[in-house]
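Student: If you read the protein sequences in the order shown, they are chains A and B.
This note's numbering puts the first residue of the first sequence at 4, with every later residue one more than the last.
This note's numbering puts the first residue of the second sequence at 2, with every later residue one more than the last.
Each hint should be verified, as a subset may be incorrect.
Unchecked claim - DSSO-like cross-link-like pairs, simulated, lysine-lysine; straight-line CA separation at most 27 Å:
{"no.": "1", "chain 1": "A", "residue 1": "Lys20", "chain 2": "A", "residue 2": "Lys116"}
{"no.": "2", "chain 1": "A", "residue 1": "Lys126", "chain 2": "B", "residue 2": "Lys46"}
{"no.": "3", "chain 1": "A", "residue 1": "Lys229", "chain 2": "A", "residue 2": "Lys116"}
{"no.": "4", "chain 1": "A", "residue 1": "Lys229", "chain 2": "A", "residue 2": "Lys350"}
{"no.": "5", "chain 1": "A", "residue 1": "Lys20", "chain 2": "B", "residue 2": "Lys46"}
{"no.": "6", "chain 1": "A", "residue 1": "Lys350", "chain 2": "A", "residue 2": "Lys20"}
{"no.": "7", "chain 1": "A", "residue 1": "Lys229", "chain 2": "A", "residue 2": "Lys357"}
{"no.": "8", "chain 1": "A", "residue 1": "Lys116", "chain 2": "A", "residue 2": "Lys126"}
{"no.": "9", "chain 1": "B", "residue 1": "Lys80", "chain 2": "A", "residue 2": "Lys116"}
{"no.": "10", "chain 1": "A", "residue 1": "Lys126", "chain 2": "B", "residue 2": "Lys80"}
Quick caveat, the hints were computed from the structure, so don't treat them as lab data.
Spelled out, the chains give:
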Amino acid sequence: MMREVAVIGTGMIRFGKYPDVSLADLGWPAARQAMDDAGVEPEDIGALFCGTGLGGPMPGQRIFGRLGMAGLPIINVENACSSGSSALNLGHTAIASGRYDIVMVMGVEKLTKFNGGPIPLEKEDWEVANGLVMPALYAMRARRYMHEHGATPEQLAGVVVKSRRHAALNPDAQLRGETTVEEVLASRMIADPFTLFQCCPTGDGAAAVVLCAADLASRYSPRPVKVQASHVASGHFESGPRDMTVPEITVRCAAETYEEAGLGPEDIDVAEVHDAFTSAELMYYEAFGFCRRGEAVQLLESGATSLGGRIPVNPSGGLLSKGHPVAATGAAQVVEVVRQLQGRCGKRQVEGAKVGLTHATGGGISGFDHGVCAIHIFTV
Amino acid sequence: MIEFDTPLVPGANARLSPDHLRPTAAGVALVGQRCQDCGRTLFPKTGICPGCRSENLADAELPAQGTLYSWSVVYAAPKPWRTPYTIGYVDLAGDVRVFSHIAGDPATLRVGMPVALSAAPEADDGAAAAPFVFQPTAKENA
Numbered sequence: 004m005m006r007e008v009a010v011i012g013t014g015m016i017r018f019g020k021y022p023d024v025s026l027a028d029l030g031w032p033a034a035r036q037a038m039d040d041a042g043v044e045p046e047d048i049g050a051l052f053c054g055t056g057l058g059g060p061m062p063g064q065r066i067f068g069r070l071g072m073a074g075l076p077i078i079n080v081e082n083a084c085s086s087g088s089s090a091l092n093l094g095h096t097a098i099a100s101g102r103y104d105i106v107m108v109m110g111v112e113k114l115t116k117f118n119g120g121p122i123p124l125e126k127e128d129w130e131v132a133n134g135l136v137m138p139a140l141y142a143m144r145a146r147r148y149m150h151e152h153g154a155t156p157e158q159l160a161g162v163v164v165k166s167r168r169h170a171a172l173n174p175d176a177q178l179r180g181e182t183t184v185e186e187v188l189a190s191r192m193i194a195d196p197f198t199l200f201q202c203c204p205t206g207d208g209a210a211a212v213v214l215c216a217a218d219l220a221s222r223y224s225p226r227p228v229k230v231q232a233s234h235v236a237s238g239h240f241e242s243g244p245r246d247m248t249v250p251e252i253t254v255r256c257a258a259e260t261y262e263e264a265g266l267g268p269e270d271i272d273v274a275e276v277h278d279a280f281t282s283a284e285l286m287y288y289e290a291f292g293f294c295r296r297g298e299a300v301q302l303l304e305s306g307a308t309s310l311g312g313r314i315p316v317n318p319s320g321g322l323l324s325k326g327h328p329v330a331a332t333g334a335a336q337v338v339e340v341v342r343q344l345q346g347r348c349g350k351r352q353v354e355g356a357k358v359g360l361t362h363a364t365g366g367g368i369s370g371f372d373h374g375v376c377a378i379h380i381f382t383v
Numbered sequence: 002m003i004e005f006d007t008p009l010v011p012g013a014n015a016r017l018s019p020d021h022l023r024p025t026a027a028g029v030a031l032v033g034q035r036c037q038d039c040g041r042t043l044f045p046k047t048g049i050c051p052g053c054r055s056e057n058l059a060d061a062e063l064p065a066q067g068t069l070y071s072w073s074v075v076y077a078a079p080k081p082w083r084t085p086y087t088i089g090y091v092d093l094a095g096d097v098r099v100f101s102h103i104a105g106d107p108a109t110l111r112v113g114m115p116v117a118l119s120a121a122p123e124a125d126d127g128a129a130a131a132p133f134v135f136q137p138t139a140k141e142n143a
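Just chain B, with the same shape it has in the complex (with noise of 0.2 Å):
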């Protein structure tokens, strides 16, 4: 008999389950997981490391601070989601990349400046949510 046993629950999240979001006294924090034979980090979760094949996974709470690799803000998307929005992919330290919401001005954000996460905002009534968000930590000039 195979075990099966994956961390993620469509049911309870069609987008992110609720356990890779902790609270934390500064507001939230992302939970991957870190393979304990490689080392590798991994999010969002999974049932077995892609780089050794490794069912022997713990949860990791990631760094909150990151540096912002590219974005792209959206003006065209099914629905229910309500554009503009901004997305773009967080390299965070311990070698991992998030797809990621961002906030604030488009227009003050910049190649590799440095971002942080905060919970997201309520969203508009019908419309979608980002599960969690980043955003820029220090003020740039535009």
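Okay, chain A solo, but in the shape it has when bound (with noise of 0.2 Å):
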């Protein structure tokens, strides 16, 4: 009998760029902060999972080193992405299987180490080794979805345009200036259809979650927000034709998150997806069932997917907003969906969200579409 999961505390830095700050050092005060919401102490948590993209050897033991807390059972997980999202999962199922009653789950990326560009990707890939780049792997998909369903570059541009219009009303956010569709299409050009504002930014970034035991929740937090699904898929390898205008992976993981869930898309109050690029966010509105096939641009420019809207998406300001520290992502998106949940969200709250999704995908690897796919499911 696998026991319910809830989250009892979140805590997130703001995404932007810390060139001079150690991956440790922007780890540990989102740890405490997260701690500090859910009124644990480090003695209270029976393990610890940290996600990270690029960061290196032992990201967890280095963050909770600083924090007194190393010397518990430290899991350091790499999934692309959707590391931060994947170490919730594990902390999820550690919970749920009755292991430990809380533990902690972190998301954490300095992509600022980089020194700008494309995130750097496996060079033993042989597409990679041959001059694939994140932006155009997207933009290919982009490019035969704009072929296929007739959306113009002034329409992706709109979707920056609501990013921002979010993202202004959120303090954690990298980019909170709003924009106009004249001047994400004036940015310069990055991978064709793509320009520079159609892209995620690069940048640095930690976000950390506690899980409780649900039926020992309320003795921690007033307003404990439970885990409904957790799930993770991995990508199908194709050598031959796919389909890049529906992302196979994201349908398939949401089909399977919502029976887990019991819940379907119409149920879904506020979403938090991977918009790492802006086509991107169209083709999961079209995948989560949000829309029908094809319909995604209508969708958008309804005006349903804004906040005021019948199911806003990307409320934070997204990845294309927020930012994308890369396996920081699917931890902050946890943060912003419980925040919601629990109405915190001052200017940026969905009134009366009860249910919220987040989404994290990766991917980079010759054959996948996408590597690896984790949906999680909230309510209240």
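Two chains, two separate frames, one set of hints: put the complex together.
Tutor: As structure tokens, this is what we get:
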């Protein structure tokens, strides 16, 4: 019998560029904030799960050593852009199985150490070794989507305009200035058809979540948030043609997660999805069933996915504006959604939100459209 | 004792071992593999078929003609790549998709257009070089 799990504390540092701060010093303030929020002491915690995509060896030891918490079981997790959310999945299982009552999950990344440019990918991969970069992979998906569904560059740019409008209300976001379609399209070209503003910024960040067995959660938190479903899927290897306008891994992972939660797309009040590039957000509207295939632009332009709409997507600003420090993203999405469900999001609060969804997916290896996808659903 | 025999030779060419390319009268051909048990075509080569786990794989010359599934012109890339350059996915008959650099004026490229394989041009000094390229076979109206 698996136990139910709740989030009792959240913490994150403002995403941004901190070239002079070490990974360890990016991480501990988020962890301490999450423990303060949960009202737990280090000795209450049974195990630590730390996601990092590009942070090097033993990030958890480096971070939790600062807090005098080394000595606990620390599991470091690498799963590309889903590293933080994969760590959450492990932490969830660790409590659900009955092994621990309270664990902490962290996602942390320092991208400024790479001095700008697209995130480094695995050089042993043959497509990467021959010139594939992440913006171009998403750009090829975007071009095909535009071809099949008639979406225009102006419509893609509309995703950024919405994103920045939300981020302007989020003090933890990296890019908080509003923008226009014209400005988005006038920014320099990165990977045609994506201009700079249509790509998530590189930056640094850390986010942490304290998980607790649900039956114990009210001892610590006046407003625990239940983890209704926690799910990870990996991509299928495909040597032949694949439809790059349908993110198969997210479609499959979403179906499995909805089933686990006993919920459907119509039940979701707020979602944080993996908008690493503009077209990705549109494709994920369709993958999650927020609209039908090919109707994502209409959904965006109807205002349904903006704050105040039927299903606000990325109220935090998402990866495009809050920023995308790879492994920190999955954990930070959870921070946002949990705080939304607790009614703590101030000017960007989704009124009456009871059910929230997070989605982090990663790739950059040949033969896989995406390598990994992690989806969580939270309820109050 | 487990035999370990992989056709990829990283020491020979970190980016694609030379036995993936074969000179032909028309220029150059790509050499992948066909699984002798399930028929799946693979490029680049590997030691085991991901479809059926067979190790019974035979070298197979791939068609030199394909269609362009999608492409992007890259303006930001790590060294030693020199930007801009164009990359894309090309679907070949026989159900295999190949990642490739795409030659020709990017403004003339269209989704689904026919493309053909050719040998890669020599790279500039110090710049990375594509192992091969595909380029449009027919003039298309812009």
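Student: Tell me if the straight-line CA distance from Lys350 of chain A to Lys20 of chain A falls inside 27 Å.
Tutor: At roughly 25 Å apart (the allowed maximum being 27 Å), Lys20 of chain A and Lys350 of chain A satisfy the hint.
Student: Quickly compare the C-alpha distance for Lys229 of chain A and Lys116 of chain A to 27 Å and report which way the hint goes.
Tutor: violated, 36 Å
Student: Is the hinted pair Lys126 of chain A and Lys80 of chain B satisfied, with a Cα-Cα distance of at most 27 Å?
Tutor: With a Cα-Cα distance of about 12 Å, the restraint between Lys126 of chain A and Lys80 of chain B holds, given a limit of 27 Å.
Student: Next pair to validate is Lys229 of chain A with Lys357 of chain A; report whether the Cα-Cα distance is within 27 Å.
Tutor: Cα-Cα ~10 Å, so holds.
Student: Take the C-alpha atoms of Lys20 of chain A and Lys116 of chain A, compute the straight-line distance between them, and say whether it is at most 27 Å.
Tutor: holds, 10 Å
Student: Holds or violated: are the alpha carbons of Lys80 of chain B and Lys116 of chain A at most 27 Å from each other?
Tutor: Between Lys80 of chain B and Lys116 of chain A the Cα gap is close to 16 Å, so the pair holds against 27 Å.
Student: Quickly compare the C-alpha distance for Lys229 of chain A and Lys350 of chain A to 27 Å and report which way the hint goes.
Tutor: holds, 24 Å
Student: Taking 27 Å as the top limit, are the C-alpha atoms of Lys126 of chain A and Lys46 of chain B close enough?
Tutor: It holds: about 17 Å lies between the C-alpha atoms, which stays within 27 Å.
Student: Taken at face value, is the distance from the CA of Lys126 of chain A to the CA of Lys116 of chain A at most 27 Å?
Tutor: holds, 18 Å
Student: CA of Lys20 of chain A to CA of Lys46 of chain B, is that 27 Å or under?
Tutor: Distance ~41 Å between Lys20 of chain A and Lys46 of chain B Cα, so the pair is violated.
The structure does not agree with the numbered hints 3, 5 stated previously, though it agrees with the rest.
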